[in-house]
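Top line first, the protein sequences correspond to chains R and Z.
Under the numbering used here, think of the first position of the first sequence as 14, with each following residue one higher.
Under the numbering used here, think of the first position of the second sequence as 356, with each following residue one higher.
Mixed in with the good hints, there may be bad ones.
If you anchor each label on the Cβ, the simulated ranges turn out as follows [unchecked claim]:
(1) R:I272 - Z:S517: 42 to 50 angstroms
(2) Z:K423 - R:S143: 49 to 57 angstroms
(3) Z:E483 - R:V267: 36 to 44 angstroms
(4) R:V224 - Z:S367: 50 to 58 angstroms
No farther apart than 25 angstroms at their CA atoms in a straight line, the calculated lysine-lysine pairs in the DSS-like style are these [stated by the list, open to error]:
(5) R:K179 - Z:K409
(6) R:K179 - Z:K487
(7) Z:K416 - Z:K563
Computed footprint of chain Z on chain R; a stretch qualifies when at least three of its residues, placed anywhere within it, have a C-beta under 8 angstroms from a C-beta of chain Z [said to hold, decoys possible]:
(8) 177-184
(9) 187-195
(10) 199-208
Think of the hints as simulated: they come from the structure by calculation, not from any bench.
Glycine is no exception: its CB is placed at the ideal position from the N, C-alpha and C atoms.
For reference, the chains in residue letters:
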Amino acid sequence: MRSLPIQKILAWFSILLFAVFSIYPMLYVLGISLRGDNAFQSQSLEIITSTSTMKNFLDLFTQTDFLIWLRNSLLVSVGTTLLGVAFASTSAYALSRFQFRGRNMMLFSLLATQMFPPTMLILPFYIILSKLHLIDSFWGLFLIYSSTALPFCVWQMKAYYDTIPKELEEAAILDGCSRWLTFCKIILPLSAPALVITALFSFMASWSEYVVAAVVLQDPQMYTLPLGLRSFQASLATQWGLYAAGALIVSLPVLILFISISRYLISGLTIGSVKG
Amino acid sequence: MTHIEFSEITKSFKDNHILNGVNLEIAKGEFLVLVGPSGCGKSTLLRTLAGLEKMDAGDIKINGKSIKNMEPQDRDVAMVFQNYALYPHMNVAENMGFAMKLQKRSASEISAQVKKIAQLLQIDHLLERKPKELSGGQCQRVALGRALARQTSIILFDEPLSNLDAHLRSQMRVEIKRLHQTLQNTMIYVTHDQMEATTMGDRIAVLKDGKIEQIGTPSEIYHRPKNLFIASFIGSPEMNFMEGPLVKKLPWPEAKKPEQILGVRPEVFKISNGVPQANELELGSFQVELSENLGGQQMLHGRLEGQNLRIFADSTEFFRKDQILPVKIDLTKSHLFDKQTGVNQRLQEGV
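Just chain Z, with the same shape it has in the complex:
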């Protein structure tokens, strides 16, 4: 069931067009991640939904009802901010209960709800503390708790983890995901970190220049990128892009066209001397320049017919510098992009 529907949203700040006709439907209970480079309009889109920013044109519907002229507090939306935005003069319990207090709920009801949420987030021992007495991770939990305490059906996250260190970030990532599974609210999560996007989202919407470039499940976005931008933005390490004579080796008809780019993810390469199987292509000889040990895998940096490549290999094998390796690629997992338009040619064919 559609819960939130954006149609043709545009927004400009003076001459700066931030959103250029965004259309997006979000299902009830979905965890949608808006991802894109900075300045792509993802935060602005979130803020128009929250009512903190007025759109120039277009409409937003929640449960089929337009909320265009609704006050922010009436929109059934709570938000977690990047810098936590906890009220410094209130303690944790007061921060979490503030919205309910404004709704004139009884003190006992407020304290019961605050306790319940605090236990869920394991911050019940912090209720009497002021925000300045909390660590970054604790602040983030309280901010999350404040949003949850409002009991809205929609929760928005505006880059909530970007102020935390890497360890805490990955911990909170799992926790937010777990919360979503328990609570089943519709959540929209803005991030510029493609790792967060692919690990957390039920679906991901990739934005660029105020437009949605592609929307789909993390797997769809990763394995079937619509264009060059998505292919290079999603995935870490980045996809390898090759041009020139290498492209001509491909058996695809589109590869014969001028100015085509072959895109292959690092894990799609296979180091082997054997006869190529169906859907495999012998790409050539890869010369190792250096290897990075990543634990379970190692990443080989090197060159193949003048192109810089990164290839994943098993970390138990040893490769020395300047070693020559025969590499193959899986054609079903390789992409061909038009250099001019950026469009993924193989996707158009329905491959």
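Just chain R, with the same shape it has in the complex:
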């Protein structure tokens, strides 16, 4: 019995350690973004110093193209998410409910695409997009982002659909639903947790992506946030203050998304609990 408090203290201590370990870099970035001087090399561990100002944040919105990048990033990420969810939810339904030739083969090949490192795909992607005249176009990014996110999303959705009893659909068909209506009125509402996870995955995959965007987008007016931030890093002087302020703002939407849908995340992890 005496070991219990010690166990508790140990547990709390290690959680605290990990929290500091993962939060400190974020706070450090916050510190840099608030420093008026370009004091990246500062040895001080202080987050907020006497010289702290909001100047970097102001400059970011007024002196740079940050708002344009933000708009571009939102456009690309939301587009990719919509496309990804639409394709994943429908194709996973077909894979879960219909028996057709090549079904298992298709599932396997979806999985196989996940085995390749993404950087390996950059050259073929570039060639395909240039032949389709989709270089410097958001459509090119939509295509690549949703196609790379799809396999995971399809598997995720299929696994969820598999847990929904078939009788629910049969009842709906007898009630007068077509297949499509059954899908929209019965299956989709029941799949909300899986849909949310799929959407989040698609959003995150495109929001912070740099390598593919760097290849596809060449016009600075088309830059997404990661590309834009990278442009602060000049060969002679990097504007660390601006960079840090930008990085913080970039991480905000994902943070907000995570917090707002954490309810679904938890129920999404307990899939299989849907009862007929």
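Once you've looked at the hints, dock chain Z against the given chain R.
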């Protein structure tokens, strides 16, 4: 009047023949029970009628009109599923009104109909609840209510009570039967429980290996089983089957043939010392092994000339182990089956 007519229905899943030419006519307002061991094709037959399963060959007519190419929702058929299949994201009222909503009926009409059915099933206090907030029995009532709310002339039940406990099951059995008497819909009820079949059905169709073995009233099926399979499947406790020298004691000409089996239900035995009356046969001495008290009756397990038998006796009498009892059987209620073909020999004679 014939309401539903199945003719020569066949259905296979790959090499597995589920239905092998089923012919069946169901009258308007009838309560027909399809019963049989698992895998006999009873659920598949029901699902072909509902349109959830396509048959390979044959035809189904409702009111004389073929429904072979009709969509499930146009077939005038509602169904109650074994696992209830209530829509988890809708409350009870929405579940019950879903079909009507799809038919674009007015909200007031839907709510009136839902209320009416809910009162009939005594679930009107549950209308706002979600399925996960209901007990198994309540779920089953809601599923029943959803089927009734569609106002179809045919209602199908696919083992609807098998997820309920014994007490609820017997309660719901009576309730469904009562509903049938009130509503007079044609109902087809699938079960593997022969008790449900005999207590609920106006007629029973016993299926085996995708074919109907016998169809008739519960009493016909119980008292005049066509073959060995029906005789052993229907009735609980099971009919006693005896072979060998015992069979030769029978006065029937068929009993002289080789390989015949005498079938006698437990209640047909009579424990008595008296002189056998007409149609009675002195079978021999029964040695009691143990007795089970079932309340009003007791069941004696024991042996008669090397054969294991179960005999019903009055529960007020006391029998001790190894007691020897003289037993008689009523010949009019006894059966003789051919061991090879399983056919009930006495039925063929028109006895």
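Verification of the hints:
Between R:I272 and Z:S517 the C-beta distance comes to about 45 angstroms, which sits within the given range of 42 to 50 angstroms. The beta-carbon spacing between Z:K423 and R:S143, approximately 55 angstroms, falls within the hinted interval of 49 to 57 angstroms. Between Z:E483 and R:V267 the CB atoms are about 38 angstroms apart, so this pair conforms to the stated range of 36 to 44 angstroms. At about 54 angstroms, the CB distance of R:V224 to Z:S367 agrees with the hint of 50 to 58 angstroms.
This hinted pair checks out: R:K179 and Z:K409 have alpha carbons roughly 16 angstroms apart, not beyond 25 angstroms. With a C-alpha separation of about 18 angstroms, the suggested pair R:K179 and Z:K487 falls inside the 25 angstroms cut-off, and the hint holds. Between Z:K416 and Z:K563 the alpha-carbon distance is near 23 angstroms, which keeps this suggested pair within the 25 angstroms criterion. Counting residues of the region 177-184 of chain R whose beta carbon lies closer than 8 angstroms to any beta carbon of chain Z gives 5, which meets the minimum of three for the stated coverage.
With 5 residues bearing a CB less than 8 angstroms from a CB of chain Z, the region 187-195 of chain R meets the requirement of three and the coverage assertion stands. Figure legend: the region 199-208 of chain R, annotated as covered by chain Z; annotation consistent (3 residues with Cβ-Cβ distances under 8 angstroms, at least 3 required).
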